[in-house]
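Enquirer: The lines below spell out each chain.
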Amino acid sequence: MTDVNDVNDVQAAPGPLGDTVRAEMAQIIARYPEPRSALLPMLHLVQSHQGYVTPEGIELCAEVLDITEAEVAAVATFYTMYKRRPVGDYHVGVCTNTLCAIMGGDAIWDDLSEYLGVGHDETTDDGKVSLERVECNAACDYAPVMMVNWEFMDNQTPQSARELVDRLRAGEQVTSTRGPRICTWKQAERVLAGFPDELATEGVAAGPASLVGLELAHENGWTAPEGGQRELGGSTK
Amino acid sequence: MTTLTPVLTARWDQSDAFTLRNYEKADGYKALRRALQRTPADIVQIVQDSGLRGRGGAGFPTGMKWSFIPAQDPASPKPVYLVVNADESEPGTCKDIPLMMADPHVLVEGVIITAYAIGAKHAFIYVRGEVLHVFRRVLNAVAEAYEAGYLGQNILGSGFDLDVVVHAGAGAYICGEETALLDSLEGRRGQPRLKPPFPAVAGLYASPTVINNVETIASVPSIVAGGAEWFRGMGNEKSPGYGIFSLSGHVTKPGQYEAPLGITLRELLDMAGGIRAGHELKFWTPGGSSTPMLTAEHIDVPLDFEGMAGVGSLLGTRALQIFDDTTCVVRATERWIEFYKHESCGKCTPCREGFWWMVQILERLEKGDGTEADLDKLLDMSDNIAGRSFCALADGGVAPVVSSIQHFRDEYIAHFEHGGCPFDPAASTLFAQELGAKA
Ligand SMILES: Cc1cc2nc3c(=O)[nH]c(=O)nc-3n(C[C@H](O)[C@H](O)[C@H](O)COP(=O)(O)O)c2cc1C
Ligand code: SF4
Ligand code: FES
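Quick note, the sequences are listed as chains E and U, same order. Each residue of the first sequence is one higher than the last, beginning at 1 in the UniProt record's numbering. Each residue of the second sequence is one higher than the last, beginning at 1 in the UniProt record's numbering.
By construction, these hints were calculated from the structure, which means they are not laboratory data. Misleading hints may appear alongside valid ones.
Below, simulated DMTMM-like cross-link-like pairs (lysine to aspartate or glutamate); rule was C-alpha separation at most 20 angstroms, straight line [what the hints assert, rightly or not]:
1. Lys341/U - Asp111/E
2. Lys30/U - Asp183/U
3. Lys253/U - Asp121/E
Some chain E residues flagged as far from chain U (calculated, every beta-carbon gap over 10 angstroms) [unchecked claim]:
4. Glu34
5. Arg36
6. Arg85
7. Asp106
8. Gly117
9. Asp121
10. Glu122
11. Lys128
12. Asp166
Even for Gly, the Cβ is constructed at its ideal location relative to N, Cα and C.
Could you build the full structure based on these sequences and the hints that come with them?
Expert: Written out as structure tokens, the structure is:
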């Protein structure tokens, strides 16, 4: 479990994958009817310990699942979230799919990439921030959208994007615009492996754009017809 | 006039709506108690009678899908699985993610009722990996549901057992395709499978499997509670019920609007404060980038399955991406095709190679270096990609190309007559003034 007080701890250099990691892998495998289903979360776990999918991580997954390293590598290279070299403590995505790109994502990308002096899939020299052009992240109503360690940073501008990376590089605590305090890349990957931290209840239930329709309905007194969850005694047949 | 009908979105404005306590306060898990008092066949029947159609894009009747699960030989039953498709990655689509973030318990309740109806003792929620906080909220809701006895052994004393696993994907649009999702969930590269056999017969681990979208499953508790007739009281005969419409782009108030199917873009735009000030609607997608784009001419067409098919498009995921007159349609199309090129799983040549070539041509056209012959070539290639590939990614991917040439051929031509793109990209942004865009 992650201690919420040290969500900002600097990431350690990749340590070896020892018995603790094997035990965690066994826990992941136990969730599934067939062991191989554990491979995706196991690769997230490898990234949570080593920052990326290392040759050692591939070897261990293969050994634990009794499949070949080539099979593990074939899976690891198929998915964009698995990295083949270290990323920054804060992995920053700029959505450049069509909707965000047009609403300003392209301008943000150009500016930020120049500002940081790094391109797609590259990391700043201090190891703090890496950049990625990401595809639609299912937040188009908050365009232009950025992500930090897969948390939402909604409604960005070139200026707000610069401020964001400045704060991340200065080690300040940054909070998602409709989520929790942002943790490090490795801690994020641990959650994705299915080991929860304490942050689930931080942040709002819904951001402002998610609520525009509901608020309009309230203003106008619009509701669904009687029934639904409100009236459980209603007839069903 | 059609008005909004919040059902799925109704609890989103309550603080901490995502906790079990608050969900129960809003009558959550009562539909489950009710469902467990009926037979599984009754539940399938209610959903079939409601006419609910899948909310993941294709609109397949949900109750019918469930009824395809073959009866199991009691002597040697095969396990039945329920898989929730929470991979939401179709460009423009942004409804399942806020739903799971605000109200994950309605999904969990839907999962339990559905699993009971189809006889599944194991369910999986496959969430795309790039939405960490949403994943947390769903994990947390499942943990709370176990603690409260809604999951696990002998649920609420009914004798029904269910385990739910929340599984994170790792970044691949194709894993939203249901059979690719199954391969991915089995720990493989996410590549589509040949159908038949359909998942209902041989799905996860070659066992009978139902795969449904998040919004589909989240609709089940209210249908069980309110009844089929109540559900049919919204929408129309062939497209009954409510759905979340997601407006994004150049509208005054982008966001989520839950309404009966059959509402029109004109009505939705009225509610959303119209196109942003000083501009006009140019083109829009009704249900994500894989649904052929439409224009201002189509703003009174009902947003339901038949209405959209009638104008050569698709309802898809009701992801209304709206672009005004500052937007270059060639640029938009080129970017979407880059997406399909990037996301092609590589299994079939027309899709893998075709989108790559299309990007080359579209880049040339956008720069003003194309010719009219390029447009015919694009249409030709579209014919060779769609229908000749293994899965629907290919059909969806050619949609922006074919529909943009159909509606905006002149604009393509203007690019090479003008020797470049006639639009200023800065003018389309939300911070056009700061960038000093030409008005
Ligand atoms: C390329 C591709 C991507 C898809 N992505 C999704 C997705 O992210 N979410 C989803 O629910 N359905 C997606 N689908 C549709 C699924 O294959 C499937 O039809 C759906 O999950 C069934 O659920 P429903 O009947 O409840 O709609 C996709 C289909 C294709 C071809
Ligand atoms: S059509 Fe494209 S995405 Fe679908 S199976 Fe073929 S190569 Fe893969
Ligand atoms: S296009 Fe950027 S979040 Fe959808």
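Enquirer: The structure should be examined with respect to each hint, and the outcome stated for every one.
Expert: Hint by hint, here is what the structure shows:
1. Lys341/U - Asp111/E: Outside the cut-off at roughly 25 angstroms; violated.
2. Lys30/U - Asp183/U: The given pair, whose Cα atoms are some 35 angstroms apart, is violated under the 20 angstroms limit.
3. Lys253/U - Asp121/E: violated (33 angstroms)
4. Glu34: Not fine: 6 angstroms to the nearest Cβ puts Glu34/E too close to chain U.
5. Arg36: violated (4 angstroms)
6. Arg85: Answer for Arg85/E: holds, closest chain U Cβ roughly 16 angstroms.
7. Asp106: violated (6 angstroms)
8. Gly117: Given that every Cβ of chain U is farther than 10 angstroms from that of Gly117/E, nearest at about 21 angstroms, it holds.
9. Asp121: At roughly 13 angstroms from the nearest Cβ of chain U, Asp121/E sits farther out than 10 angstroms, so the non-interface label holds.
10. Glu122: It holds; Glu122/E is separated from chain U by about 18 angstroms at its closest Cβ, greater than 10 angstroms.
11. Lys128: At about 19 angstroms from chain U, Lys128/E clears the 10 angstroms cut-off, so the statement holds.
12. Asp166: Label holds. Min Cβ-Cβ 18 angstroms, cutoff 10 angstroms.
Checked against the numbered hints above, the structure violates hints 1, 2, 3, 4, 5 and 7; every other hint is satisfied.
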